[in-house]
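S.K.: Spelled out from the first residue to the last, the chains are:
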Amino acid sequence: MNVPLSFSNWTTYRSEIVLNGLSNFRLLYRQGYLVSAVRVTVVYSLIAMTLQNAVSLGLAYALRETTPANGFFRAVFFLPVLISPLAAGYIWRGILDPNGPLDHAIALALPGFSFAWLGNPWTALPAVAFVDAWKWIGLTTLVYIAGINSVPRTLNEAALMDGANAWQAFWRVTFPMLAPAFTFNVVVTLIGAFSAFDVIQATTAGGPGASTRSINILLRMQWGQGNFGTGSALSLIITLMVVVVAIPLVTYLRHREV
Amino acid sequence: MTFKMRQVAAVAAIAAALSSQLVASGHAAGVTLTVWHNTSDPAAVTALYSAYEKASGNKLNLVDIPADGMEATVLTKWASGDRPDILEFHPISSTLDQLNASQNLIDLSGEDFVKQSDIYEIGGRASDGKVYAAITTFPETWGLYYNKKVLADHGLKPATTFEALKAQCAVLSKDGIATLHEAGASAWPVAVQVLIYASSAASPTYVADVLNHKAKLDDPNSPIVAGIKSWLDLKAAGCYNSDLTTATFEQSTHAVYTGKAAYQLIHSNMAPVYLDEAKGDAKALDAAVGFTGIGATTPSTTVSPGPIGTYLLPKTGDVKKQAAALDFVRFVTGPGYAAYIAQSGTFPIIKGAGDPPNASQLGEDIKAAYDKGPRVPLINGNLPGGLLNGIQIMGEVSVGQLTVEQAAPQYQTGVETAAQAQGLPGW
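Sequence lines, in order, name chains A and B.
Using this note's numbering, you'd call the opening residue of the first sequence number 1 and step up by one each time.
Using this note's numbering, you'd call the opening residue of the second sequence number 259 and step up by one each time.
One or more of the hints may lead you astray.
Said to hold, decoys possible - Going by beta-carbon spacing under 8 Å, a handful of chain A positions derived as facing chain B:
#1 14
#2 15
#3 17
#4 208
#5 223
Claimed, not checked - Below, simulated SDA-like cross-link-like pairs (lysine to any residue); rule was C-alpha separation at most 25 Å, straight line:
#6 B:487 with A:120
#7 B:474 with B:592
#8 B:579 with A:120
Source of the hints: derived by calculation from the structure; they are not laboratory data.
All residues carry an ideal CB built from backbone N, CA and C; glycine is no exception.
Just chain A, with the same shape it has in the complex:
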């Protein structure tokens, strides 16, 4: 349904919808919106995916044993997953405000410190991607814990007996065996981040300027101005990006699974 609408003149102004070729894409390009939104979306996704997987892998390794203490911390790290993304965004908007608790904490060491993490064009995008990663880290951690615990302990023990240290045992033995979990987490986090909207909307609404204006944020802006054809075109672009990235990525990652 979205495909023909992407190539149509659908707006609020008229009830007739007529196909108009590539006009919507040309208009978005001419206004400079398209390239900027794709760039923001890709950078945001890469930061969120990298941060989320790196941190959750470490957490999973630290919390791999099933003990009461680990059970508690697993629950704590999973809590953000249960929070609405909008609520998470609003919470972090408060935390990252120039008058918020983060700046106040830093000001204890650096008196007078005040920085608009979400108001600076350079830090806003990493900050918002961090919030996204924080929000979903509990989920990817659980997947990695399951993956780590499915690796036979005897393999690790054999590596250690052969003289490997703990890092080598993890990197050379456990990590390759984690490939299915890694594939799942990388693909899900990357593609999930492509569709980012709610966390960004709640924290910066795409600002400052166009610094965090992802494709979905731009889509909402286009719809908000009654330009549904261009909005649909943006939606199609996200779909194409997911297809173009997901298929090769899954194919590549599946090939390296043990």
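Once you have looked at the hints, place chain B on chain A.
M.R.: Leaving out everything else, chain B in the frame of chain A:
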């Protein structure tokens, strides 16, 4: 608490006084009407809703539309085919055209309230000339809310031009006071400043010239270009708050009320937000805050009929509900109007209702700015698209991502795109 008690008492009084009139109208009770209403609705408006419910026996299901990004929220819901029975929205031509008024809204041109108000000379009509909006509230009068003590302490009089505002920066900045509190996180206040400047700087025929291809928004001497430059001049002069990219308009209100900033540029219908800031204490508000119009280089007052207390009636296909919605509009512009004016403290725009007995000094200031003028219409009212893309454009300008030369053509593109979508001849 006192404020709420007063509100409840007012609702009861309005309902008691008017219930007999509604019964006499013969309208069927028990209909539930969905109202998309602005979250900035002041207490008097919500009290009017309650009064209508009690008087008519109908129920109003209020759906909150956040004040920030109201236009985007409404149009997004509208696009999905969702329709309220009553829509509280902008009554300017550009937005009515966006809703495809002739096909989607009930024509109110023949209603009595249209004949009894001059407001329909500046708003309420789509480009086809028909009235599609029932307006109850005094026109949005755009200008500067200012902190009286801050100005008095610095020996300053309220600025009535952007040039005067810039001159005052040098004095106020020395004491760490933001001259003009900007709200980048709310986005629209930044864009509006350009519109106010441009409205004042534009010739009376400018909008018509744009529509007739005699002028463009990105001409080097266009009022929009001048407005963007003015915004950047004030920024370069250090006139804004340091947190302009993260501040909201509510924070601007707080900053002016508490004296951390001298001015906020916003419209008169936001006066209730100031009253909230003063915790409902009208005397404290009057002592702290005043209002004045502002022009580009000479004093003027920009006016526009606003969305608060303005009602559009979408064609829903449900005859019974459409009749009840029309009944609501007739109530708020008829039997309920005088009581609404009395409670709201705003000045009436429909003949027959007297001035409010309890108008605040701030309200009097706003009325004085409106009366004093010279009044100029907000420039986007009759431009296709309503310059809504200005919110995005000025967001980028405000953080240096767009220059004036890059921004102005985008305003023009927005008008062209909307005009083509509208099917205007020659575009």
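S.K.: Look at each hint and say if it fits the structure.
M.R.: The hints, checked one at a time:
Evaluation of the residue 14 (chain A) hint against chain B yields a held restraint, the C-beta minimum of about 6 Å falling below 8 Å. Residue-level restraint check for residue 15 (chain A) holds (minimum Cβ-Cβ distance to chain B is 6 Å; threshold 8 Å). For residue 17 (chain A), the shortest C-beta to C-beta distance to chain B is roughly 11 Å, which exceeds 8 Å, and the interface hint is violated. The closest approach between the C-beta of residue 208 (chain A) and any C-beta of chain B is roughly 4 Å, which is under the 8 Å cut-off, so the hint is satisfied.
Interface hint at residue 223 (chain A): satisfied, since its Cβ lies 5 Å from the closest Cβ of chain B, which is below the 8 Å cut-off. Simply put, residue 487 (chain B) and residue 120 (chain A) have alpha-carbon atoms about 22 Å apart, close enough for the 25 Å limit, and the pair holds. The hinted pair formed by residue 474 (chain B) and residue 592 (chain B) fails the criterion: a straight-line CA distance of about 43 Å is larger than 25 Å. The hinted pair formed by residue 579 (chain B) and residue 120 (chain A) fails the criterion: a straight-line CA distance of about 49 Å is larger than 25 Å.
The structure fails to meet hints 3, 7, 8 from the earlier list, while all remaining hints are met.
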